[in-house]
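All chains, please: the whole structure from these sequences, using the hints.
Residue numbers (the numbering used here): 8 to 254.
FYI, nobody ran anything at the bench for these hints, they're computed from the structure.
Computed from a predicted structure; not experimentally measured.
There could be a bad hint or two in this list.
[To be verified] Estimated spans, in silico, between C-beta atoms of each pair:
#1 79 x 111: 17 to 25 Å
#2 211 x 240: 18 to 26 Å
#3 203 x 35: 40 to 48 Å
#4 66 x 10: 23 to 31 Å
#5 149 x 114: 42 to 50 Å
[Claimed, not checked] Straight line, CA to CA, 20 Å or less: simulated EDC-like cross-link-like pairs of lysine to aspartate or glutamate:
#6 230 x 214
#7 66 x 111
#8 170 x 52
#9 170 x 136
#10 170 x 137
#11 177 x 25
#12 66 x 25
C-beta atoms are modelled at their ideal positions from N, C-alpha and C, and glycine is treated no differently.
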Amino acid sequence: MNQQLQTLRGDVAARLQDVLVEGGDVEGFIHALARYAASALSRADRAVDCGVHISRRRKAPASAASSGEALDMEDLQSRTGDGPRLAALGDSTTVDIPDSEREERWPLYVQAAVDRGFRSVLVVPLALEDQARGALTFHSPFPSAFGSDGVASFEVFAGEASKSLRLALKIARLQDAREDLSAALDSRTVIGLAAGVIMAQNRCSQEDAFRILREASNARHMKLRDVAAAVIAPMAGGTYFRAHFDE
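Pasting the structure below:
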């Protein structure tokens, strides 16, 4: 790697640390990433817009872009299931469209690019983990804006972006796991308290109290936790609900 690319890598890595902190959640990070990519990789002779797209397990796909036109291009591919981003992700390789007016692949996509003034497009897949996938898509109003030499700088940028995005996704997974655990513990606490109230009301065993809760849940088509919350609501000044034990 030449000195220019090494310098770019160091600058991008340092800046993306700040972007990660400033971005907040994953969606905030990719919005900040798109804006930074467009700013960092634009030159006087090569203006660049950037779109970012990620998909991950149990989450809706997310897109962000440095301009409304670039976001339109991301949304178009998501709607149609066709375009250079899908090809880049499928083959795990960079896709270059030197001139959208001459490109014969993805006719709907390239026509939309021409309509928005994008003459060249470069898609670089991101190296993510845990079944997450993503790509950076760069747009320029100039034909052959990226070239064989220029592609390397965009791939270096994508490599550093991948590292930061992997960290952002890992943090998000840990936060989700913590929230799930907190909700589970809260639910168990509420159900346990409700069982205690029913035991006192009906002078029954814990097993019978849990059975009463389950039966009430089924009869009222409510979640067990919601029934339990209704039972203990009077403790917090809520609506009174009495669960009784039928002999």
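Original post:
Hint by hint, which ones does this structure get wrong, listed from lowest number up?
Top reply: 4, 5, 7, 8 and 12
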